[in-house]
Structures are given as C-alpha cells and as structure tokens.
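**Q** Sequence:
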Amino acid sequence: MEPHSPEQDVKIVVTGPYNAGKSEFVQRFGIKPINVAVNGTTVGLDFTHEMIDNFHVHIFGTPGQDHFRDVQQCVARGASGIILVLDSTDPSTFALVEELTKRIKAVCGRVPLVICANKQDKDGALPPERIKQMIGFKGKVIGSSALHGEGTKTTLVEVLKQIRKAEE
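According to the numbering used here, the residues represented by the sequence shown are 287 to 454, in order.
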C-alpha cells in the first residue's frame, strides 16, 4: 500500500462464528493484545492496535457465540471495516455468514468486508475460492492460518485498501 496522509484512525471489527480463530487473528497484531476470556473463550472482546502505513488501526474482536449478539453489535458500532473469520474446516458454520453480516452491518452500515478463510493449515480445510462459491460472496476471501500468522496481515491490509478506496 502507498503511504496515506495524514494519519487516520480506523476501527476494524473481527467477527465470525464460535471457534473460528478470531482471538488468534487479533493477537497477531500489536504489542500487548487484550483478551477478555473465560476458559479460553472470548466473553467480552479482544483488542489491540497497530500502525500500518499511516493508518492507526484499532482492532476489536467479538465473541462468536450467538448469545453474545448484543456484545457483537456494541463492538461493531462505528467500525470502518469488518473482517469475518471462518473456520475453513467447518462448512456447517458457513451458513452463519449472512446472519452475522446482517447483524454487524445493521449497526455500522455499508463498510468494507473481507472474509478470512482461517485454519488453512489444517487437514480438510477448504480453499478460499471454494468457500467463496459455497457462500455466494462477491468480495475478497483470503486464506489464513492465524495460529501461524499466515495471511493475517494480508487480510488486514486488504480491508484497509477497501476503506481507502471507499473514501475516494
């Protein structure tokens, strides 16, 4: 990405179904990510921040369970962009994409959305293009392994590019 001036604050919300790897994704950025979890499950939010180009990126992760939908919507308020993390090995969760997208966009409007096809390092992981076809998504689907830090920065940079493009 080319440098962007002046420095701009952006809020990126990382959301998705339970156990998709959202917290691991968020923890790939920043110096000291914050995670509000009980027994390894996010019950509040994940948070970190990082400078990328001239973007001061505030990254918020939501819990994935449906009973935290109010928290998901609260965290999403004011988002500049959304990263929806999916577990590439669990097609049963792909049906949740439409509902999650509607729920989040209801509070933050039409903002850039990138899907992160996580867990590409696992046996049985479906490739990003196959997931894109299965869910009928028109935007970018990027493969990653948040556990190993692969594809996470690419995904974040893509949503930042879309934010920049939307502002032109």
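No lab work stands behind these hints, which were simulated from the structure alone.
Do not take every clue at face value.
Said to hold, decoys possible - Okay, derived cross-link-like pairs now, DSS-like style, lysine-lysine, Cα gap no bigger than 27 Å in a straight line:
no., residue 1, residue 2
1, Lys451, Lys388
2, Lys424, Lys297
3, Lys447, Lys424
4, Lys408, Lys418
5, Lys408, Lys451
6, Lys297, Lys439
7, Lys388, Lys447
Unchecked claim - Quick list of simulated restraints, FRET-style, between CB atoms:
no., residue 1, residue 2, range
8, Glu436, Pro377, 19 to 25 Å
9, Lys388, Lys408, 25 to 31 Å
10, Glu293, Ala452, 31 to 37 Å
Nothing here was measured: the structure is a model prediction, and the numbers come from that model.
We put the beta carbon where it would ideally sit given N, CA and C, even for glycine.
**Q** It remains to establish, for every hint, whether it holds in the given structure.
**A** Hints, verified against the model:
In summary, the hint linking Lys451 to Lys388 is supported, as the alpha carbons are separated by about 22 Å, within the 27 Å threshold. Between Lys424 and Lys297, the direct Cα distance comes to roughly 23 Å. Compliance with the 27 Å bound is thereby established for this hinted pair. Taking the CA atoms of Lys447 and Lys424, the gap is near 16 Å; set against the 27 Å cutoff, the hint holds. For a cut-off of 27 Å, the pair hint linking Lys408 to Lys418 stands: about 18 Å separates their Cα positions.
The straight-line distance between the Cα atoms of Lys408 and Lys451 is roughly 33 Å, outside the 27 Å bound, and the hint therefore fails. Using a Cα cut-off of 27 Å, the hinted pair Lys297 and Lys439 holds, with the two alpha carbons roughly 15 Å apart. Taken as a hint, the Lys388 and Lys447 pair is honoured in the structure, with Cα atoms around 22 Å apart against an allowance of 27 Å. Between Glu436 and Pro377, the C-beta spacing of about 21 Å keeps the proposed range 19 to 25 Å intact.
Taken as a hint, the range 25 to 31 Å holds for the pair Lys388 and Lys408, whose Cβ atoms sit roughly 28 Å apart. Between Glu293 and Ala452 the beta carbon distance is about 18 Å. The supplied range of 31 to 37 Å is therefore violated.
Hints 5 and 10, counting from the list given before, are not met by this structure.
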